[in-house]
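Protein chains: 2
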Amino acid sequence: MNEITIQSPFDMHIHLRDTEMLKLVAPLTSHTFAGGVIMPNLVPPVETKEAVVAYKNRILEAINNDDFIPFMTLFFKPYTNEFLENVKDEIIAIKLYPAGITTNSEGGISVIDTVALAPTLNAMSNLNIPLCVHGETNGFVMDREKEFMSVYEALAVAFPKLKIIMEHITTKEAVDLVKKYDNLFATITLQHLIITLDDVVGGMLKPHLFCKPIAKRPEDRDALLEIALSGNSKIMFGSDSAPHPKHKKEACGCAAGVFTSPIALQVLVELFEKNDKLENLDNFISKNAIDIYGLKKSKKSIKLIKKDFVVPAQYEGFGEVVVPMYAGETISWSLKE
Amino acid sequence: MNEITIQSPFDMHIHLRDTEMLKLVAPLTSHTFAGGVIMPNLVPPVETKEAVVAYKNRILEAINNDDFIPFMTLFFKPYTNEFLENVKDEIIAIKLYPAGITTNSEGGISVIDTVALAPTLNAMSNLNIPLCVHGETNGFVMDREKEFMSVYEALAVAFPKLKIIMEHITTKEAVDLVKKYDNLFATITLQHLIITLDDVVGGMLKPHLFCKPIAKRPEDRDALLEIALSGNSKIMFGSDSAPHPKHKKEACGCAAGVFTSPIALQVLVELFEKNDKLENLDNFISKNAIDIYGLKKSKKSIKLIKKDFVVPAQYEGFGEVVVPMYAGETISWSLKE
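Just so you know, the sequences run in chain order C and U.
For the numbering used here, count along the first sequence from 1 and bump the result up by 915.
For the numbering used here, count along the second sequence from 1 and bump the result up by 915.
Be aware that a few hints might be false.
Note: identical chains are not told apart, hence a pair may lie in one copy or across any two.
Unchecked claim - With a Cα cut of at most 20 angstroms, we get these calculated DMTMM-like pairs of lysine to aspartate or glutamate:
{"#": "1", "residue 1": "1087", "residue 2": "1058"}
{"#": "2", "residue 1": "1121", "residue 2": "1165"}
{"#": "3", "residue 1": "1221", "residue 2": "1058"}
{"#": "4", "residue 1": "1251", "residue 2": "918"}
{"#": "5", "residue 1": "1087", "residue 2": "1000"}
Keep in mind that the hints were calculated from the coordinates and are not lab data.
Let the sequences and hints guide you as you build the complete structure.
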């Protein structure tokens, strides 16, 4: 196959940031995706209807006239039923961060207690607002997601009608758990289908592949790849593309995040083609998200052609510079402009 | 206790590099140690008697008149008995690197085969030249040392009179194995007694704590600490202090190595004191090395005082800049000048 058309691709987990960085990176997502779930971990976090609407407008301005729907989210905290009813139509989900677990998550939840959080989670369940979760404990870095499985189970059991999205899963344990409860779903990033910890610290240190959750063991990567390639109806693509300024990524003590937006679609085609599973790519990149979140399929389609593309060393604009995954390397599919 | 005198401290695994970096870092080891085992992974590797002698002379020049013995090593490759007899008095050991496993190890051994290497290893055994080994496979980064245990076992069994030093061990498996064979010994670095992978990639990315072998899990660190604190006669201190220029450590794709020489002794005192095991520090830092390698105890002693010391942000000179472990942080023991 030398050409492929992707219908209505959705990125169900994306960081567009704000101000100048937003202006640089938002078009790099809206160019190739029909919509995306926008993470709310700004400073301060997105916690009010006004903040949601204002952020959405800034995104729409940044993407100019691209055909792209920003699906907005709120930063989880205890919210009243009244507030949620009022904000419902402006958001697609609410994102829960354990406190301090990743970039700008200091205001997250310290103890995820199904009793204490019940009023908010029951209201969300009744209003059919999904809960997106960054599922990590503050334990040893290779165990953080595994240790969080009991929290996911407790949530899934306590709130059986609440749709719970296990965000950016990275382990075999998460792949096993998502199958176990009807109300659990998951997103998987591009990088976690491809890399392991080896790629981050096994040779030279690679800050641009450093993200949270950290890439795990080969058997974890294989389990993620298998379920994504299978087109399993509970699994969605969520890039978690997370730009940080180049000078901060390459500095001592760099922040976590891999920037994949501009090349995600092309590399996914490459990956599914290589594994002879192109027929399941639509499930992963579009259909499952439509079914899980009840979205409308977009008319937007993206044409790709099998032709080498040298990934730019960096993307820059508005005074910002970000380095993408595969910077300077050649990938085998290109956008057909 | 407010003061302590360390008699004849030896660093049994140290990288002094060459040219300008040698001039900067050698005095930072010779200032506080009575001797050290000098690693031979220069470019090109130290493989001839002439290279050993010349490197030794460059080290002696760099440390000026410090009372410090550089115990020289050769880079392992198949050597003849005649060569080894001739070089014997100039070296303390021969260091074996699996090919490509760490900095400047491209010329190492691709397949560690006890039959193929028997002529050299038997000659070393007969001449009582110890074999130092960087014990890692080229497998997944967290498994590399564990997977190498069978190689250590094969060597220990095939060459029962050859002293084999398991260098910079980082796992519980290595701690268990070193106890199992009479001819196995080990060095442990400062950082592997203190940090885990969490400290490298668990929060922000910390290039100055990135080393090979990579720091492992908490239970590994605990096993290393326990055997070091116990004063076990098979365990020696080897800092593996490995300076890289600051601009390279903080760049994208940085090299592996933690620079600990200037603060190693102080932090070891802090660590053994905190664990109420100061009485065993002499074994770890001096006596075991003397017994294992048959060294003469040095008359050199280092006085330390319990007094806060702010570790410099960097050490510089001769056009080189290196960043030490604990840069800018406060440690609780100082050298008594």
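Earlier hints that do not hold, by number: When the structure is compared with the hints, numbers 3, 5 turn out to be violated.
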